[in-house]
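One line per chain: the protein sequences are A and B, in this order. Numbers in the numbering used here are just positions in the first sequence, counted from 1, shifted up by 104. Numbers in the numbering used here are just positions in the second sequence, counted from 1, shifted up by 737.
Don't read these hints as lab results, they were simulated from the structure. Just so you know, even glycine gets a beta-carbon here, dropped at the ideal spot from N, CA and C. Treat the hints with care, since some could be wrong.
[What the hints assert, rightly or not] Example chain A residues on the side facing chain B (calculated, C-beta under 7 angstroms, incomplete):
1) Leu221
2) Ile223
3) Phe227
4) Gly230
5) Val240
6) Leu283
7) Phe475
[As the list claims (entries may be wrong)] Computed beta-carbon distance windows for the label pairs:
8) B:Ala906 x A:Ile182: 33 to 43 angstroms
9) A:Ile378 x B:Lys907: 50 to 60 angstroms
10) A:Arg549 x B:Ala749: 31 to 41 angstroms
So the chains spell out like this:
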Amino acid sequence: MQAATQATIDFLKLYWAPLLCGVVIVAVLPLIAGYIVLVERKLMADMQARLGPMRVGPHGLLQPIADAVKLLIKEDIIPDDADKVVFWLAPVFSVGAALLAIGGLAFGPAFQIGVNLNIGILFVVGISALGIFGIVLGGWASNSHYSLMGALRSSAQLVSYETAGGMALVAGLLFAGTLNIKSIVEAQSTQGVWFGFLAPVAFFTYLVASIAETNRAPFDLPEAESELVAGYMTEFSGFRWSLYFLAEYTNMIVVASVATTLFLGGWLRPFAGIRWLNFLDFVPPLLMIGIGAYCVLRMPKQPSKVQQIFMLAVAGLCFVAALVLAGPVLLPFVKPSLAAAVKPFYAGIHGGFWFIFKVSAYLYFFMWLRFTIPRYRFDQLMRLGWHFLIPLSIINVLVVGLALIVGSYFNLQGWALLLATTPAALLALVAALVILGMEQKSQARQETSSVTDFYAG
Amino acid sequence: MLDKVIFYFFAAIAVSSAALMVTRRNAVHSAIFLITTLLATAGIFLQLRAEFIFIVQIILYVGGIMVLFIFVIMLVNLDVALHQLKFARQKWVALVVVLALAAQVGVMFWTTGKMQGQVWPGLNAAPVGKLPPGNAEAVAQSLFGTYLLPFEIASVLLLVAMIGAVVMAKKRA
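Excised from the complex, chain B in its bound form (with noise of 0.2 angstroms):
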């Protein structure tokens, strides 16, 4: 009963200010609301058991990313970004993406729907006493044995960006 509550709330939380996001004018209160669905969203991880992916939500994309998108749109000037959004012109594929990602999710209630003891997506989530208690230790455990090598693919991958980042950058200057 308390799960589900929390999990409501939480979603209530993430969708609707996901939907106040995208509208407000001011790129400040865009990203003020952004921060609420990614707390939301981190309320939710919470919720099923998944401490670990909670508090690194938190820490990575509040407390980091989102420091610096706040960085980033006090020292752009908002007047000029304001004016080039009158001549925005992806309205129509912005549209055709929703479309398909809505059909997507349709998709996904439909099926999940059909499962054995699944009612309704998210209704059902938080197996208690399921999860072993050490989270962090679990996700390190498969990160570091399991998936080792896509692991460090990936971290590959993101030296290369961070360099190729600092290599454009000195360019400039």
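The following block holds chain A by itself, in its conformation from the complex (with noise of 0.2 angstroms):
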């Protein structure tokens, strides 16, 4: 008895911070995750011209919550052929590899959920892919066409795709020469430059294959609502089925956490390493207080009392926000003395919201695309996917590792590396298209042959 109790306190005292950052994360996820979809909605009506989400706090603000009430009070409905336990672990199987993944990734210097990996980002890259799983056994155990025909897809989407991505991880990574996501981003912050500039290439195609990865628009045809209902989903309901919006969600924000740590440059401000653009500093708690002044300036117009109430809330919520970030800015000019002691503090809220900044802007991104872009049929996925991605992303990791011999023939380092790598990537791109052209050639001299189709809808 002595010894389990022991025991349970070594382990406690272990892992009680990454215990708790867990049990945050499942809480808190489902929030932003809402309000991810918020702003998505948004982002449509207002390309679409219309208002969107408006009645439910002021400018829909607490619309999140209220669609989180309606799932978890909708009926769950089994279906009676369906195989059941599988599909109760399908979406609990995707849910769970997403909210693992994260807890790879590094959100600033000294925020890590998990530990510190050696392969940190085979680990976040490793265990998101195994949401497939979700989908697929999901989309089977419905026992329903549509449903088996978005899983098929899924998975053959998914294997086409993760090559291509996987490639263009390695041709990033070898700029990095480390697989440890911090190491990653501390690279990018010694060689003053990110890796996106120097491997164009690889960021569009992993930005291709992120988007078919996580399923979305333009590459949604697991779900596609005009062929298959609603693909894998079609059969799950109320609690079940937000299960799986949450992985999809979760997903993206893994994926782009995974592009921003790789390309971007991570926690990094932008021109971190220039001296003279240190004013950059003020942007964040700057951006805050502009936020912050809109609100009140907005407050007047909301329709009743609690909504004005509201408003200001969100106001002096975003007043804070901006004091916790001028703070480690503003306190070394006004007392030298602390500068040291308030460092650590500057790397993490700053490095924090840069990371938190450049997700987001990723995650906008596909936003834009899915608004923009009609979906693809399936054949032209593949096609896009096995023609020109996979050679793409193959030659690409070829001639960057030339470009990195020249670099390092050369001396080259930092923005000068720019001058081998950016022939290597037009060399990368121009001969992908050959490739294509070629291949279009001698397919439309099969032409004659009968072509099935097989997994188009």
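Build the complex: two chains, separate frames, hints provided.
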């Protein structure tokens, strides 16, 4: 008994922080996902010249909570012919994989939920890819043709695009020389340039592959509502359906974080190494003050008293955030002796701000694409993946390696490395386009033979 | 202590789901239990501080091969496969193979039991701090340095198999 208690205490001593972070993530992520959905709906409404959700809270700010309540109290339907156990477990598996992948991410130099794994980025990518089983098994267990079709499409799509995405990561990792997430960002800090500039082709390939892996429009074939009702989620309702939803949005955050870490400098401020641009440190607090001031200005226009108070509360939160962000920047000016003590706080708070800012920008780009580009047909999707992206990413790994050799030969560093990598990127693009052209020519010759399109709708 | 608990936890999952995988009638259920076996094995790798092998196991076997497995299982007609199962005549061959394997494992247990400091295989594994922290680097150095030639031969072999598969698939179409 004594030993067991002692073991438990030792265990908690070691792991209380990760456990706490895990609980917080599981509790907070649904809320974050809900607000991402709200932003998405607002953006969609803006692009379609309407207002979007406006009823619940000022400008629909409480809509996600109302949606969550609705989903929780909806009837939970399990089809009679479904494989019950698998039907139960599939959404849980999806969410579990997505949440586990978040644990490997580092949001700042001192803030990581799990341990600082030596294989950090592989862990995140590998675990988040497991979410596919939730989709495939859920589609199979529903015992419905639409669901099965969505599941098949999903697995074919993932297998095709994971190769391209993985190769893109390899090209980016060649610059970093490590798999550890913190070391990747530190490498970008010491080299003084984000790898997105050095490996633009890899960044582009990862962008496309990440959209396909998260099943987002224009690659949302597995849940194409015009063809398959709702694809693999057709038979799911209520809470189970919202679990799939949560998994999708968590996966979006994961791929955005991976891209931010590897290609967009992680938690580094833009131009982090340049002294005379240090005034950029004032951008985050000023941004927060601006948002708060806007909320105060809009306050009198709200229709009811409650909404006015809510608006003021949002403004107050923004001002508090501005204060927190301004503190580490302003304190050294007021009291130079505090500079050293404040430094870790600066790295943590501002690092977190820039990381979240970049991830949000990436997600915002996803939303733009969703409302701009119509859905691909399945054979087009496969052709884009196998005939263009995979050759492009493989050639890109080769030429990036060559560019690195050339760069080290001429001793190029930082931005000067662009001299070697830009021609390499162009070379990769041209080679991939030539391959695509050759394939199209040979395909046109074979057009006479009957084409059986196996997976298409 | 914690190491032992984790090891036996994953080992129990791996062994029991492997047994379940063989006995299930439904092919998809078998595949699910195979996934659990592979994940539990990956957990044992992680418990042994072999992070790189852990993630390679997950990415390759679980994330790659098993997705294809399930894809194929969903495409084939399961009823036909079940029908053919009745005519399986390899029971005795399987029994002999299992016995041979069991004998091998038994010999392994017996010999390691006689070694110095080894009580039971797996019990005092996980040499904390003995492994270098750079797991991926160590694997890369041994693959591309010490064992470069075998590694290249294996990759050529895989390439040959890949081209062969493409050629055979093309012929049938």
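(request) Return the numbers of the hints above that this structure violates; sort them in rising order. (result) Going through the list in order, the structure violates hints 7, 10 and respects the others.
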